[in-house]
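Asks: Work the whole structure out from these sequences, hints included.
Take 1 as the starting number for the sequence shown in full-length UniProt numbering and just add one per residue.
Check before you lean on any hint, since a few could be wrong.
In silico DSSO-like cross-links for lysine-lysine, where the CA-CA straight-line distance does not exceed 27 Å [claimed, not checked]: (1) 103 - 454; (2) 23 - 670; (3) 196 - 317; (4) 196 - 504; (5) 670 - 504; (6) 624 - 227; (7) 103 - 716; (8) 733 - 621; (9) 506 - 196; (10) 454 - 433; (11) 197 - 163; (12) 805 - 815.
Everything labelled a hint here was simulated from the structure, so no lab data went into it.
Since this is a predicted model, take the numbers as computed values, not measurements.
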Amino acid sequence: MAHDQDPAHADAGAYDFAAIQAKWLPVWDESEPFRAGLPGDTRPRKYILDMFPYPSGDLHMGHAEAFGYGDTVARYWRHQGFDVLHPVGWDSFGLPAENAAIKRGIDPRAWTYANIEQQKRSFRQYAPSFDWSRELHTSDPEYYKWNQWLFLKLYEKGIAYRKAGQVNWCPNDQTVLANEQVVDGHCERCGAVVTKKALTQWYFRVTDYADRLLDDLNQLEGAWPSKVLSMQRNWIGRSSGADVEFEIEGRSERISVFTTRPDTLYGATFMVVAPDSDLAAELAGGASAEVRTRFQDYLDSVRAESDIDRLSTDRPKTGVFLERYAINPVNGERLPIWAADYVLADYGHGAIMAVPAHDQRDLDFARAFGLPVRVVVDTNAPVTGVIPVIQLDEHGDPVLPDDLPAEDPASTGVALGGDGRLVNSGPLDGLSKSNAIRRVIELLSERGLGRSSKNYRLRDWLISRQRYWGTPIPIIHCPSCGEVPVPEADLPVRLPDAAGLDLKPKGSSPLGAAEEWANVACPSCGGAARRDSDTMDTFVDSSWYYLRYLDPNNDERAFDPAEAEKWLPVDQYVGGVEHAILHLLYSRFITKVLFDLGYLSFTEPFTSLLNQGMVIMDGTKMSKSKGNLVEFASELHAHGADALRVTLAFAGPPEDDIDWADVSPVGASKFLARAWRISGEVTSSPEIEWKTGDAALRRVTHRLLADAPGLVEAFKFNVVVARLMELVNATRKTIDSGAGAGDAAVREASEVTAMILDLFAPYTAEDMWQRLGYEPTVALVPWRKADPALLVEESVTAIVQVDGKVRDRFEVSPKISGDELEVLARASAAVSRVVGDREIANVIVRAPRLVNIATRG
1 MAHDQDPAHA
11 DAGAYDFAAI
21 QAKWLPVWDE
31 SEPFRAGLPG
41 DTRPRKYILD
51 MFPYPSGDLH
61 MGHAEAFGYG
71 DTVARYWRHQ
81 GFDVLHPVGW
91 DSFGLPAENA
101 AIKRGIDPRA
111 WTYANIEQQK
121 RSFRQYAPSF
131 DWSRELHTSD
141 PEYYKWNQWL
151 FLKLYEKGIA
161 YRKAGQVNWC
171 PNDQTVLANE
181 QVVDGHCERC
191 GAVVTKKALT
201 QWYFRVTDYA
211 DRLLDDLNQL
221 EGAWPSKVLS
231 MQRNWIGRSS
241 GADVEFEIEG
251 RSERISVFTT
261 RPDTLYGATF
271 MVVAPDSDLA
281 AELAGGASAE
291 VRTRFQDYLD
301 SVRAESDIDR
311 LSTDRPKTGV
321 FLERYAINPV
331 NGERLPIWAA
341 DYVLADYGHG
351 AIMAVPAHDQ
361 RDLDFARAFG
371 LPVRVVVDTN
381 APVTGVIPVI
391 QLDEHGDPVL
401 PDDLPAEDPA
411 STGVALGGDG
421 RLVNSGPLDG
431 LSKSNAIRRV
441 IELLSERGLG
451 RSSKNYRLRD
461 WLISRQRYWG
471 TPIPIIHCPS
481 CGEVPVPEAD
491 LPVRLPDAAG
501 LDLKPKGSSP
511 LGAAEEWANV
521 ACPSCGGAAR
531 RDSDTMDTFV
541 DSSWYYLRYL
551 DPNNDERAFD
561 PAEAEKWLPV
571 DQYVGGVEHA
581 ILHLLYSRFI
591 TKVLFDLGYL
601 SFTEPFTSLL
611 NQGMVIMDGT
621 KMSKSKGNLV
631 EFASELHAHG
641 ADALRVTLAF
651 AGPPEDDIDW
661 ADVSPVGASK
671 FLARAWRISG
681 EVTSSPEIEW
691 KTGDAALRRV
701 THRLLADAPG
711 LVEAFKFNVV
721 VARLMELVNA
731 TRKTIDSGAG
741 AGDAAVREAS
751 EVTAMILDLF
761 APYTAEDMWQ
771 RLGYEPTVAL
781 VPWRKADPAL
791 LVEESVTAIV
801 QVDGKVRDRF
811 EVSPKISGDE
821 LEVLARASAA
831 VSRVVGDREI
841 ANVIVRAPRL
851 VNIATRG
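Replies: Structure (structure tokens):
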């Protein structure tokens with residue numbers, strides 16, 4: 001096979017991707033053509049960023065796809081005259097590396113950096129146009145020093161804080177998880193069923209930024225995928241309603257309940273508290289011994305459940321009556337208080353008023369335990385249009401018909417949803433939902449028993465982890481002084497050597513056993529103290545890395561604000577949709593915090609976002625266990641980098657999944673060989689006057705020059721590749737038709753092919769460029785301008801359909817009128833034969849390209 005040849009002795013007349021790769025890679029290494037921000041460079045700037053990889057092994061096909069797309073965008077903007085920053089680094093802390101190292105009995109550092117070197121070798125062969133001078137690794141002290149600096153800045157502002165509470169716990173990895181890291185009740189890393197555990201942990205107050213995180217998504221409409229925007233909005237989950245104050249019999253303090261439907265207060269027939277909340281424990285403590293025992297047993301079972309399971313609507317409702325009562329603030333009714341697992345401790349205030357007639361979960365619970373169901377919204381009543389006249393009694397209260405809606409939730413088991421008018425609700429009767437909400441909030445506010453409020457699904461970001469391989473939290477715990485920040489001058493707090501430490505998961509951080517490291521003098525009083533032994537969630541590392549790329553070797557600060565002004569925000573971000581919530585939300589949050597602290601002048605980090613689909617095989621996700629794994633390294637060896645990149649770009653829209661069984665790297669290689677051969681056949685001089693060349697070929701060339709920018713900027717890479725194939729075919733046809741390889745249009749087409757092909761196949765494009773008589777590198781060649789005169793079509797092909805089937809086609813002027821085109825269509829002999837004696841019922845004309853004739857009879 002050609003790629004097994006010695007590059008130095010490769011056949012000069014054969015396309016040999018291995019020889020071409022071996023030829024150009026060292027040239028690029030020496031010339032470093034993709035370094036950005038060099039002194040004196042006055043070009044406008046673009047920042048193109050790929051979501052950096054995790055070094056879990058060699059690159060895989062998903063990397064090939066994502067980084068191929070990102071590189072296409074970076075190369076395109078260089079051709080458009082921009083100084084492009086396209087950096088690379090590794091997200092190198094975290095559980096996978098630590099678990100892999102434990103399994104192999106080696107230091108996580110050794111495992112991580114060996115994988116980085118392997119991925120780096122593969123990247124170099126794949127040839128993305130990275131600025132390698134800015135390479136970073138988040139596990140380097142030079143990087144995580146600034147994680148710690150960031151933590152201290154947030155701590156100073158009260159945004160970083162420590163509290164006790166029930167947290168998500170992975171029993172396999174023996175560490176806590178943020179809510180976002182629990183997928184369908186399982187750890188997103190190892191798949192273990194997540195439980196709850198009481199721990200004191202570090203958090204970032206991301207909820208303080210909930211409104212801004214939600215409202216600022218409006219800035220990204222049209223520039224981010226709508227799916228991602230929806231996922232972010234749903235995760236933040238803002239809902240408007242009211243905080244309602246309920247008295248508890250035998251308790252001096254009221255409790256506050258958040259509800260989105262305060263209009264249904266008259267329909268509340270019981271209250272439910274989260275069994276794992278402090279309130280439930282307090283209330284149960286005052287109950288009988290039997291209830292206290294039942295409650296404790298129930299609490300133990302609830303702690304083994306995931307939040308996903310607890311919120312499921314299709315599971316039986318369970319609970320324990322706590323022998324306590326709340327007082328409904330609008331009518332004074334006594335509401336029995338139950339502990340039930342379908343209420344979460346961290347939603348609202350950990351308690352809800354239950355309105356079973358109008359909430360399905362409340363109804364299911366009421367039916368399970370024989371609790372009252374009261375309809376307070378007539379969903380059959382009109383809410384718009386003419387409102388019926390309501391009679392008033394002697395007290396001025398409305399007199400309403402006795403007949404309620406025919407549907408009885410207590411009997412049907414189906415809660416009444418939707419809008420309607422209030423019934424059985426005293427002064428609210430007859431009001432629509434929106435008016436009733438407004439009125440009841442006014443009434444509650446007047447009595448000091450409630451107020452309008454907002455609630456969020458979003459929770460504060462739990463950032464501490466009980467593992468070794470991460471950024472140490474820069475806090476010292478002193479018996480006298482409490483929490484004491486490590487002075488900035490003492491950063492970084494370096495990880496101790498792993499030698500001698502037991503890194504196996506055991507519920508507490510291995511760092512606590514590093515006595516020499518952990519025992520320190522308090523920076524405040526000088527007394528004996530201990531370092532915090534937890535490490536930070538690795539999403540802290542990736543929340544701001546785009547800033548560190550601006551100045552990765554700066555020892556004095558995390559980033560230079562002047563460089564941030566030059567380059568940021570990021571113009572194009574490329575990566576997987578699996579990061580639509582976690583990483584993107586946290587990056588947006590940290591950006592807003594740094595804006596508030598005066599370090600940045602913008603509030604959104606990524607102007608445009610491109611999400612790629614997955615590379616699958618035979619319709620399913622690749623995996624070793626399924627036996628359908630396609631290895632990047634083997635495909636790279638078999639077909640070369642350019643063929644892989646063209647295959648992925650040509651497979652379809654970037655957001656769609658690519659089934660490797662349906663694509664052809666062999667076909668891509670043949671296309672590249674055809675383009676490359678033409679460049680070697682060109683005999684004309686680079687100085688030849690192109691206008692003397694074949695006009696038809698020049699039109700094809702210039703249409704592509706004109707159309708490609710819009711296609712690339714819309715991420716229609718597959719269409720650009722298809723158009724390149726058309727241009728190569730048209731060039732070959734011109735050569736073979738008699739014009740010959742010396743025709744000026746052939747040289748022009750080959751040069752344009754090389755320039756645009758650089759977006760997808762940089763090795764082949766570079767070699768073509770040299771064969772055409774130019775110095776490297778084609779990657780920096782300004783985009784050729786299309787000649788407007790060559791974009792005017794001399795003729796177009798008009799198609800004539802009869803009853804939906806194509807019956808004729810002919811060339812017409814682009815300026816032909818609809819009437820003229822219809823006359824030509826009716827006069828067509830082929831059309832006349834098909835129509836025959838049938839009556840023409842309708843003719844639709846779309847000049848200049850289509851006539852559609854419908855007949856009857």
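Asks: Hint by hint, say whether it matches the structure.
Replies: Against the structure, the hints:
1. 103 - 454: 47 Å, violated
2. 23 - 670: Judged against 27 Å, a Cα distance of about 20 Å means the pair holds.
3. 196 - 317: 20 Å, holds
4. 196 - 504: 21 Å, holds
5. 670 - 504: 52 Å, violated
6. 624 - 227: 30 Å, violated
7. 103 - 716: 44 Å, violated
8. 733 - 621: Roughly 41 Å between the alpha carbons, so the hint for residue 733 and residue 621 is violated.
9. 506 - 196: Status holds; Cα separation ~16 Å.
10. 454 - 433: 18 Å, holds
11. 197 - 163: 13 Å, holds
12. 805 - 815: Satisfied, since the Cα-Cα distance of roughly 25 Å is no more than 27 Å.
In summary, the structure is inconsistent with hints 1, 5, 6, 7, 8 from the numbered list given earlier, while agreeing with the others.
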